[in-house]
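Visitor: One letter stands for each residue in the lines below.
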Amino acid sequence: MTDVAVVGYASSPSVRETQGTTNGVEMLVPLFSEVFAETGLRKSEVGFWCSGSSDYLAGRAFSFIAAVDAIGAVPPINESHVEMDAAWAAFEAMVAIRTGEVDTAVVYGFGKSSAGELRKILALQLDPYTLAPLWPDSVSVAALQARAGIDAGAWTEQQMAEVVAASRRKARANPRSQLSGEYTAEELLAQPRFADPLRRHDCAPVTDGAAVLVLAGAERAEDLCERPAWIGGMSHRVETPHLGERDLSTSVSTKAAAADLDIGGVRLAELHAPFSHQEILLRQAIGLDEAVEVNPSGGPLAGNPMFAAGLSRIGEAASRIHDGSADAALAHATSGPALQQNLLCVLRGER
Amino acid sequence: MGEQAAAVIGTGQTRHTTKRHDVSIAGLCREAVDRALADANMDIADIDAVVLGKAPDLFEGVMMPELALSDAIGATGKPMMRVHTAGSVGGSTANVAANLVRSGTHRRVLAIAFEKQSESNAMWALSIAVPFNMPVNAGAGGYFAPHVRSYIRRSGAPEEIGARVAVKDRRNGVRNEFAHLRQPDITLESVQASTMLWDPIRFDETCPSSDGAAAVVITDEHSAGKRAAWIHATAMRTEPTTYSGRDQVNPRAGRDAAAALWRDAGITDPLSEVDVAEIYVPFSWFEPMWLENLGFAEEGKGWVLTEAGETEPTGRLPVNPSGGVLCSNPIGASGMVRFAEAAMQVMGSAGEHQVDGARTALGHAYGGGSQYFSMWLVRSEKP
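Taken in order, these protein sequences are the chains called Y and E. Per the working numbering, the first sequence starts with residue 16, numbered consecutively. Per the working numbering, the second sequence starts with residue 496, numbered consecutively.
The reader is advised that the hints may include incorrect statements.
[Stated by the list, open to error] Every beta carbon over 12 Å from chain Y, so not counted as near; a handful from chain E, in silico:
(1) T600
(2) E655
(3) D680
(4) E734
(5) P808
(6) D851
[Unchecked claim] No farther apart than 20 Å at their CA atoms in a straight line, the calculated lysine to aspartate or glutamate pairs in the EDC-like style are these:
(7) E/K721 with E/D541
(8) Y/K58 with E/D751
(9) Y/K270 with E/D543
(10) Y/K58 with Y/D118
(11) Y/K270 with E/D566
(12) Y/K58 with Y/E41
(13) Y/K185 with Y/E41
(14) Y/K185 with Y/E305
(15) E/K796 with E/D751
[Unchecked claim] Quick partial rundown of chain Y residues pointing at chain E, CB under 10 Å, derived from the structure:
(16) S78
(17) I136
(18) A147
(19) L149
(20) H251
(21) S340
Bear in mind the hints are in silico, worked out from the structure with no lab data behind them. In this text, all values refer to a predicted model and were calculated from it rather than measured experimentally. Every residue gets a Cβ at the ideal spot worked out from N, C-alpha and C, and that includes glycine.
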């Protein structure tokens, strides 16, 4: 099968609230212009389009159809959509290129979380008969996981605070971040608890945002990008929905995905951890040692556009290959309550 | 074609009906999955990856239900994807699963699609205001009726063509054990006497609301035995809901998808080379409209095939021998039912509604405002 590379990436600023529609059009239009300018790819040349978004987040059926208006799909396009984080749309696009039928793909994700009450909406991902009627919100579910890890000795509140301090500090260099600043772990630990043991800063902010990624097969990649980020492997798994049947202090799905991949030489990882303890959990599950820099962009704690944040991890990691600052990078995306579903993607500067 | 040959080796569906109160969403899906696996002579442990498709989450009131269903559909511990491309989603889901095999990514993939309309109210889910657009508030029938009127005006088709399609499909449904509506005694007169819902679409020319699920097992050639439906081509196309000059009656996205499909499958004369077609016809008049859009007839002449009886089970191109969407419409699954029925025909497993000697079959689905199209072409012979 043909090799596939990430050759372009753009993301909107992560902000608390945009004035645009929930269809993402206003956020996506400038991003398409940006990736076309960056790669030199023309819209008419794009072999396949694939997006990730959620009708429940948008509060209406078929919100992804209106998002197609951001493309200008006349003449008609070869297009598909996943009701998942757009990292999985990138997976579908990579698969489409591997069939040999198309040689380029544009992938996008968007989410306007400000349109509703995110933590409550996400409760509707739980079992509709036994769990969702109790409305366990996403922050409370994550808090159960944080507590399980503390009790198991997998992490401490001090370590969680250090993750947040590092994210805020790194985010200062990222002009698209929503939250940044200089804090010490002690300052953060002095804050009151929000959903025990989580403090507000342990939770990713509610964000409106979008991201666009361009993929190309071996024949086209080097025309479109000076230093393509070659996909060394992309693997994903899902776990049982029953929280009580999972060991929440680790991630068996991430471990299984990691076992499929060669992560040798990886010194940089972008992890889709919307809660501070999940960054530690994922580091442990993947087996990343202290030498690996995690979330140089600031990561989801600095801005977490739903359905785009996982795709952004791939884009941010690819950008470090593109600019030559890394030779190998790992990206992670998640979906579902308490890291139920996880995807890993290895990117390399060499084929 | 992709680098690897891919084939359907098992299909399964539920008995489609208005309300399946005896099963949960998980139970409904599992029924189709178990039947597809049994048909493929496989166990869930043999499956490498699972792809689930369904129409809007608002139809059941569950956000991304595949997450809560992962145990029931056998996805736990495996790669799982969720596709949503409006009404074409059942077909798109099968195409995504086919690509997983054709690309060499996975060897044995389970694709499943469902809709349990009785859990919620589709009319409500479809009527939420769209920014910058006048609300239609009429559901799908009200949306598509003007397209049908326009087709009749443009083609000069006789008034009873729609009723003829309804009679054929509902009688076909009698021979399909999974069909929701079965009307052995239906006649042209009874259809024409039924209530006018959205002029010119009458009650008997309208699909039902169904609870139902469908599943297919797609594998590479190492796992496929003699009884297989080989996937010779897949195609998907999308166009915007509105744009200047858009032809909603004969949308370009559908024409482009069909042209790509015939090209990739090496078909130059679809009417002669395709033995049976399962086409997404939710309102009777869409049979002649899609016959033209797909290239089985020239523009304005689709109704001639219908009128001449060529789309009957004994005709030149049997269309919807299963009874089609007019008999069963579990929305998110309806496209996969079309794709699965096409596979069943070339595998010779369509039972009482089997078309004799079917070796080449089309599965077709569309969605949105006639703007999302997915299709595949399957054959009993390997590519």
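Visitor: A separate judgement is required for each hint: does it hold in the structure or not?
Guide: Cross-check of the supplied hints:
1. T600: Check fails; 5 Å does not lie beyond 12 Å.
2. E655: 33 Å, holds
3. D680: Non-interface label on E/D680 holds, nearest chain Y Cβ at 37 Å vs cutoff 12 Å.
4. E734: 4 Å, violated
5. P808: 33 Å, holds
6. D851: Nearest chain Y Cβ is 33 Å from E/D851, so the label holds.
7. E/K721 with E/D541: The given pair, whose Cα atoms are some 18 Å apart, holds under the 20 Å limit.
8. Y/K58 with E/D751: 17 Å, holds
9. Y/K270 with E/D543: OK: Y/K270 and E/D543 at ~17 Å, within 20 Å.
10. Y/K58 with Y/D118: The hint holds at about 13 Å.
11. Y/K270 with E/D566: Holds, at roughly 19 Å.
12. Y/K58 with Y/E41: Holds, at about 18 Å.
13. Y/K185 with Y/E41: Status violated; Cα separation ~28 Å.
14. Y/K185 with Y/E305: Within the cut-off at roughly 17 Å; holds.
15. E/K796 with E/D751: Answer holds: E/K796 to E/D751 is near 19 Å, not above 20 Å.
16. S78: 9 Å, holds
17. I136: Status holds, d = 7 Å.
18. A147: With a closest approach of 7 Å, the Y/A147 hint holds.
19. L149: Result: violated, 14 Å to nearest chain E Cβ.
20. H251: Holds, about 5 Å.
21. S340: 30 Å, violated
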